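Peer 1: Chain residues, written in single-letter form:
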Amino acid sequence: MIDPAIAGRELGSFRVPIDRSKLAELARAHHDDDPVWYDEAAAADAGFDTIPVPPTVTVLADHWRPGGALGPALAIGADVERLLHGEASWEYLEPITVGDELTATARVTDVAEREGKRGGTMTLVTIQTDFANQHGQLVARRRDTLIETAGAG
Amino acid sequence: MTAPATTRLPAAPTTLEVGDRMASDEVGPLTRTDFVRYAGAGGDLNPIHHDEEFARDAGLPSVFGMGMLHAGMLGTRLARWVGPRNIEELTVRFTGQVWPGDVLSFHGEVEEIADSVATIALRVTNQRDETVLRARANARVRL
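Chain order of the listed sequences is A and B. Under the numbering used here, read the first sequence as residues 6 to 158, first letter to last. Under the numbering used here, read the second sequence as residues 23 to 165, first letter to last.
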């Protein structure tokens, strides 16, 4: 059960390297195996100064976050069996590129309770993660809405 | 491995008008290997997405795909349309699950353009025409 008192809680900070082999793996997983996503020469040929990243590149944080992909869910005391990922959103503030060493800082920005469709209470938690690069620039802000559905009884 | 690289990934903002549509693209039928490949790439090792016994014990018919997998597929297709460096915002809402065997289609349409920024509505559908993800994006465009 999520305690509504977690609103505002800091979830810590960790480093996320943006490396070429993970970008190649992501491109292949996305079924878009275009070398522009991972090869400097191909990127230059397409008119990019450095290798561009896909819009969901911040998923790479899951490799480095304490506790992995489920780390935030466990940190907020969610019942993982009742937890859904409702929404994710990104603001892109500065370019992210291969070789960047990002620092991710996460906190709980909002907790809301709603009546579940079949009774009980469901809890919506918004987690905001700020990504800053090695030059101290805020490059991306990601928000995730996690939904803990109402319990069976 | 499929590559929808029929168009070059644009570096500069592209010219778009209200009503313009993203090039249609399909991925699938998806396999468990697709989920495992994404687990390794993206780092989501929740067993519900790769461990059949675990998924069945949880009452599911099989493993199912991570939402960020089809969100990521949509993201790269959006990037191929408007250019990866021109996307200012992206919001995805997960509205359904993706199963092995599903064939996904990716759709996008420009709804509005103001101050050189296009607002784009996007959707991922499956072979039953169910919407598994809805998204909105803002992207800088060339007028």
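Watch out, some of these pointers could steer you wrong.
[What the hints assert, rightly or not] In silico contact screen, one side only, chain A against chain B (beta carbon under 10 Å); selected entries: (1) F19; (2) V62; (3) P71; (4) L75; (5) V85; (6) N138; (7) Q142.
[Claimed, not checked] Residues of chain A placed beyond 12 Å of chain B at every Cβ, according to the derived structure: (8) A47; (9) V58; (10) P100; (11) T108; (12) T110; (13) D115; (14) R148.
[What the hints assert, rightly or not] Restraint-style ranges between C-beta atoms, simulated for each label pair: (15) G17/A with R78/B: 17 to 27 Å; (16) T37/B with E86/A: 33 to 43 Å; (17) L98/A with E134/B: 30 to 40 Å; (18) G41/B with G82/A: 22 to 32 Å; (19) E120/A with D137/B: 20 to 30 Å; (20) R158/B with K122/A: 21 to 31 Å; (21) G13/A with G123/B: 39 to 49 Å; (22) R150/B with L89/A: 41 to 51 Å; (23) G123/B with L98/A: 33 to 43 Å; (24) L89/A with D42/B: 42 to 52 Å; (25) G121/A with G81/B: 43 to 53 Å.
Quick caveat, the hints were computed from the structure, so don't treat them as lab data. If you're wondering where the values come from, they're calculated on a predicted model, not measured in any experiment. We treat Cβ as the ideally placed atom computed from N, Cα and C, and that holds for glycine.
Peer 1: Work down the list of hints and note, for each, if the structure agrees.
Peer 2: Hints and how they fare:
1. A cut of 10 Å between beta carbons decides the hint on F19/A: the least distance to chain B is about 12 Å, and the hint is violated.
2. This hint holds: V62/A has a C-beta 9 Å from the nearest C-beta of chain B, less than the 10 Å allowed.
3. Restraint check, P71/A versus chain B: the minimum CB separation of about 13 Å is more than 10 Å; hint violated.
4. The beta carbon of L75/A comes within 6 Å of a beta carbon in chain B, closer than 10 Å, and the hint placing it at the interface holds.
5. The beta carbon of V85/A is positioned within 10 Å of a beta carbon in chain B (closest approach about 8 Å), and the interface hint is therefore held.
6. Violation of the interface hint for N138/A is found here, the shortest Cβ-Cβ separation to chain B being roughly 15 Å, above the 10 Å cut-off.
7. Hint status for Q142/A: violated, given a least beta-carbon distance of 15 Å to chain B, over 10 Å.
8. A Cβ of chain B approaches the Cβ of A47/A within 12 Å, the least distance being about 9 Å, so the stated non-interface status is violated.
9. Here V58/A does not stay apart from chain B, with its beta-carbon only about 7 Å from theirs, under the 12 Å limit.
10. At roughly 6 Å from the closest C-beta of chain B, the C-beta of P100/A falls inside 12 Å, breaking its exclusion from the interface.
11. Annotated as non-interface, T108/A keeps its C-beta farther than 12 Å from every C-beta of chain B; the closest such distance is 17 Å.
12. Taking the minimum C-beta to C-beta distance to chain B, about 18 Å, the non-interface status of T110/A holds against the 12 Å cut.
13. Its beta-carbon lying about 15 Å from the closest one in chain B, D115/A satisfies the requirement of being farther than 12 Å from that chain.
14. The claim that R148/A is not at the interface with chain B is violated, since a C-beta of that chain comes within 12 Å of its own (minimum 8 Å).
15. Remark: the range hint 17 to 27 Å for G17/A to R78/B is contradicted by a beta-carbon distance near 34 Å.
16. About 48 Å separates the C-beta atoms of T37/B and E86/A, a value inconsistent with the hinted range of 33 to 43 Å.
17. At about 22 Å, the CB distance of L98/A to E134/B disagrees with the hint of 30 to 40 Å.
18. Distance hint for G41/B and G82/A: a CB-CB separation of about 47 Å, inconsistent with the stated range 22 to 32 Å.
19. At roughly 40 Å, the beta carbons of E120/A and D137/B sit outside the given window of 20 to 30 Å.
20. Checking the proposed 21 to 31 Å range against R158/B and K122/A shows it holds: the Cβ atoms sit about 25 Å from each other.
21. Distance hint check: the CB atoms of G13/A and G123/B are about 43 Å apart, consistent with the given range 39 to 49 Å.
22. For R150/B and L89/A, the hinted distance range of 41 to 51 Å is not satisfied, since their beta carbons lie about 21 Å from each other.
23. Against the hinted window of 33 to 43 Å, the Cβ-Cβ separation of G123/B and L98/A comes to about 39 Å, which satisfies the hint.
24. Our hint of 42 to 52 Å for L89/A and D42/B is violated, since their Cβ atoms are close to 33 Å apart.
25. Between G121/A and G81/B the CB atoms are about 18 Å apart, so this pair departs from the stated range of 43 to 53 Å.
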